[in-house]
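Q: Read off the chains here:
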Amino acid sequence: MTLEIFLQNAANGITLGSLYALLAIGYTMVYGILRLINFAHGEIFMISTYFAFYGTAIFALPWQVAFVVAIVLTALLGVVIERAAYRPLRDAPRISALISAIGVSFLMANLGLVIFGGRPKTFYRPPIFQVPIELGGVRVVALFFVIPLLTAILLVALNYIVYKTKTGLAMRAAQWDFDTARLMGVDVDRAISITFAIGSALAAVGGIMWGLRFAEINPNMGLFPGLKCFIAAVFGGIGNISGAVLGGFILGFGEIMLVAFLPGLAGYRDAFAFVVLILILLVRPTGLLGDKQRVKV
Amino acid sequence: MALHRRLMMVLFCAALVSMCGIAAAASDTEIRIGVYEPMTGAMAAGGQMTMEGIQLAQEQRPKVLGLPVRVILVDNRSDKVEAATAVTRLIQKDKVCAIIGSYGSALSMSGGPVAQAAKVPVMGCSPTNPLVTLGNDYYFRACFIDPFQGRVMAQFAYDKLGARKAAIIQDIAQDYAVGLANFFRQAFNELTEDPKSIIAFTSYQTGDRDYTAQLTYVANAKPDVVFAPGYYADAAVLVTQARSLGLKMPFLGGDTFEAPEFIEIGGKNVEGVYFSTHYSADAPVTPASERFVALYKARFKTAPNTFAALGYDCYNLVLDAIERAGSSNPKAIRDAMAETKDFVGATGIITLDANGDATKSAVVLVVKDGQFKLVDVVHPR
Amino acid sequence: MAEQRAVHPLLKIAVVCGALILFFLVLSWGQEHWDAYTVRILNLCGIYIGITLGLNLCNGFTGQFSLGIAGFMAVGAYTTAVLTMSPAVKQAVFFIQPLIYPLNSIQWGFLPALLMAAVVSGIVGFLVGAPAIRFRGDYLAITTLGFAEIIRIVFTNIVPITNGALGLKGIPPHTNLLWSWGFALVCIAVMVRLMRTTYGRALKAIRDDEVAAEAMGVNLFFHKNLAFVMSAMMAGVGGGLLGNLITTIDPNMFRFPLTFTVLMMAVLGGLGSITGTVISAAAVTIAMEAFRALEEPRVILGLTIPGVPGMRMVVFSVALMIVILFYPKGFMGDREFSLDRVKRLAAGLDRTNTSKQG
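Chains as they are written, first to last, in the numbering used here: chain A, 101 to 397; chain C, 25 to 405; chain W, 15 to 372.
Keep in mind that the hints were calculated from the coordinates and are not lab data. C-beta atoms are modelled at their ideal positions from N, C-alpha and C, and glycine is treated no differently. Please note that a few of the clues may not be correct.
Straight-line alpha carbon distances no greater than 25 Å define the calculated DMTMM-like cross-link-like pairs of lysine to aspartate or glutamate that follow [as the list claims (entries may be wrong)]:
| hint | chain 1 | residue 1 | chain 2 | residue 2 |
| --- | --- | --- | --- | --- |
| 1 | C | 272 | A | 234 |
| 2 | C | 246 | A | 234 |
| 3 | C | 143 | W | 350 |
Incomplete in silico selection of chain W near chain C, CB under 8 Å [as the list claims (entries may be wrong)]:
| hint | residue |
| --- | --- |
| 4 | 45 |
| 5 | 49 |
| 6 | 50 |
| 7 | 51 |
| 8 | 54 |
| 9 | 106 |
| 10 | 170 |
| 11 | 174 |
| 12 | 175 |
| 13 | 178 |
| 14 | 188 |
| 15 | 222 |
| 16 | 261 |
| 17 | 267 |
Based on the sequences and whatever the hints tell you, model everything.
A: Here is the structure:
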């Protein structure tokens, strides 16, 4: 493999990795606060792409407006889902909440099928993102720079919110213990809603980036990215935002490199993510950047 | 008993009762033809397109043997278990005398044994996997099969594009793509007399959207053409990425590329993609083709696609067999179907061989100026 | 107050045996005389009852939330299929790469093949479970889901053994009502017996509180794996029966939607109840077909309401959400069917009548 090919693969890996990272952050934030795998996160991602699509296609909004509207709507959707499907089960056994998450995921995917139809739609791609750029034999489009940049900016912004604001403090307090946080005057319900709103908004950003990158959306598109991004979050350390970003990058990069070095095994590519999951859980269950687990007896 | 349990019991009983359903009308007042297609699920697009053609055909020819024809559609949800249940239901509950279906060879293979056991003939519109009719004398198809289709593209690449080295990127999760890739490879090796003429062979899974690593690998091998069988959504995204990675050589595919979404999703990037399919609106092969194109355009306001054309032909093939059989007895219909010879359909002149497969020409289309245009017609040997 | 003595044990055995014999006689007759549609639905009911009981054993009774059931069904289905297909059919079907030796030249009977399916899926179940079982709740769920996907991806790729995406066709149609309901009854019997032994109580203890159970001396590793492996075996045999019912399988059948369907059956019936699982597995299988009415156009009072394809699955998803939010214990909750209860019901009705007259 020449250097040029390696760099090309690296560029592709970074783009894919940052897509995964955006989704992984949403997962990790929700898990951190609720200790719940939000299976519906993949479907929230899917619906956000449709919001953006209908914004440009049916309502003929300029794309900047459509994208922002899609993000806001998705954030609202996330809050609604939390209220309807997760809050009533907060005191129930964990299995119930998990089943509820799976149920919501399936419901949304099937509703999407009924409402949007099974045939894929073409996501609107503003030409500005498709400007081709060539650097020393490596071919990319402008989008390749936008996505990692956006991820980095969001990462910094999130870290600021979570660690330097009162809302973030409330979120982190709720992460530790609901009752104690309540005793300290934290509005736990509000903190959870905000967490869902932010996580879903991030899923929407990921969805829009996904649509810009791949141009095709369909109601079943949420399942696999959802799973892979949860794995990325676990890999990096669940509950840790920087960990999620790191996990996403490593996963995306690794997938590309697997196929680059072993093209004959390209059919196994999706299994790679699952193998990574099992290995990390066996070797270091708290993830790369995770804290030591606290198991209360 | 608690209220909710009572409620559940009532619902369950209601479900049972509704399943008993309305008795089907006696068979001497109408001819019932069953259709099982994927109207939802992964293959929904194909099923819907096929159904358009069947509907159109029924509107044109609503009667046979002096009786009205009733088409009964059962959705198989792109699921194998459902496909078998759907065919069982059509035969047992709806008492159809013949069946049309299904898009998706895997689904057809599931419905086939059921129809065979019940001795009801099935006409498949578009399943191209050779296994569908293997060992099943009650299954027929209006289309050619993958060994022929793979050879068509290999021949085209060799003759018309002058290719001597090819790369293959197959969708490893689709039986159709895997079969087609296999036959292309065999045929290309034979034509070039070089067992190593496929210089790069790699895969992806349906629904993956990032093919850049596979494409980078293929680009490095510098093939003359790339054969990429798979569904149109994957293929469109793949070709788009290929172009942005600087791959300029022609990309080839099979009949699943023929969908309006292929051009929609791929945009300018899929210009110049060649693929084999069953028929082209550009080159009406028969007078029936012209009639079909006109009817379709009047009804649906866009140019027709292959699967609608095949659905249209399937319906008429079934009616033709019923007429020749002179009765609605499924076995008689089956025997008449087996003898179908020189049937003039919208997709060509159809003769069914001993296996129940159609010996037909294939056409090669190219994407040009945002439309599918005819490039070549390949006749079977 | 009337005395409420339990039904005499010998009477219980007699009733159960009598019912079983009658049941199988009816099934044998029905296999020949009922229409193929009814037979097919009943076959699917029996198969799904067994598989759902397997899921319930692991997820419900032991509290180990596993989402890997589709993977074990795949293992069982492929094992049975490859063993029961004839060499001639195998040669025709494996047209890209031939099946490896010695599988390409052997052909087994149905029962040995099913038993082998149980063994193989049990082994795979152990290989998956042993490392995974130490995880809790969500992590176990995602890990088992990951394993199921890995199994499916491997099956898609190893063409010389599974024929890859092309799948297998021409599997002998051995499955009939006796096999599928025999399977269901064996699973029911196993579960009922198991739950009455110390193993069963240990499993329930683990579900209720792992730490306390361990403190009381329950060997977590052994018991969790026991549940996991048994669940895998039941799923494997169920998969094998399914393959020999529809006579063709491919890796795309065994994806997450299949796991979801089985999970839904278990949840609707009640994750801790054998009776509930039996009822809901059968009910959902039947309802899947019955609800086709939602997808076909209907004429009600002269208005044609168009069918909406895909509504069936939406209805099921909504049903699941309603159950999990409002009736988390499912239809039966923790209660089970028993002859004692029947006697009490009968006695109760009797008393109401007498008291009314009195």
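Q: Indicate, hint by hint, whether the structure satisfies it.
A: Tested hints:
The straight-line distance between the Cα atoms of residue 272 of chain C and residue 234 of chain A is roughly 16 Å, inside the 25 Å bound, and the hint therefore holds. With a C-alpha separation of about 19 Å, the suggested pairing of residue 246 of chain C with residue 234 of chain A holds against the 25 Å cut-off. With a CA separation close to 44 Å, the supplied pair residue 143 of chain C and residue 350 of chain W exceeds the 25 Å bound. Proximity of residue 45 of chain W to chain C is violated relative to the hint, the smallest CB-CB distance being about 13 Å (cut-off 8 Å).
Because the beta carbon of residue 49 of chain W sits about 5 Å from the nearest beta carbon in chain C, less than 8 Å, this interface hint is met. Hint on residue 50 of chain W holds. Least Cβ distance to chain C is approximately 5 Å, under the 8 Å limit. Checking residue 51 of chain W against chain C by beta carbon gives a least distance of about 4 Å; that is within 8 Å, so the hint holds. Because the smallest distance between the Cβ of residue 54 of chain W and any Cβ of chain C comes to about 5 Å, under 8 Å, the interface hint for this residue holds.
At its closest, the beta carbon of residue 106 of chain W sits 6 Å from a beta carbon of chain C; the interface hint therefore holds under the 8 Å criterion. Because the closest C-beta pair between residue 170 of chain W and chain C is about 5 Å apart, less than 8 Å, the hint holds. Interface hint status for residue 174 of chain W: violated, as the beta-carbon distance to the closest one in chain C is roughly 13 Å, over 8 Å. The beta carbon of residue 175 of chain W is not positioned within 8 Å of any beta carbon in chain C (closest approach about 15 Å), and the interface hint is therefore violated.
Checking residue 178 of chain W against chain C: minimum C-beta separation of about 6 Å stays under 8 Å; hint holds. Because the smallest distance between the Cβ of residue 188 of chain W and any Cβ of chain C comes to about 13 Å, over 8 Å, the interface hint for this residue is violated. Restraint check, residue 222 of chain W versus chain C: the minimum CB separation of about 24 Å is more than 8 Å; hint violated. With 8 Å as the threshold, the beta carbon of residue 261 of chain W comes within range of chain C, its nearest partner Cβ sitting at about 5 Å, so the hint holds.
With a least beta-carbon distance of about 5 Å to chain C, the hint placing residue 267 of chain W at the interface is held under the 8 Å criterion.
This entry does not satisfy hints 3, 4, 11, 12, 14 and 15, going by the numbered hints stated previously.
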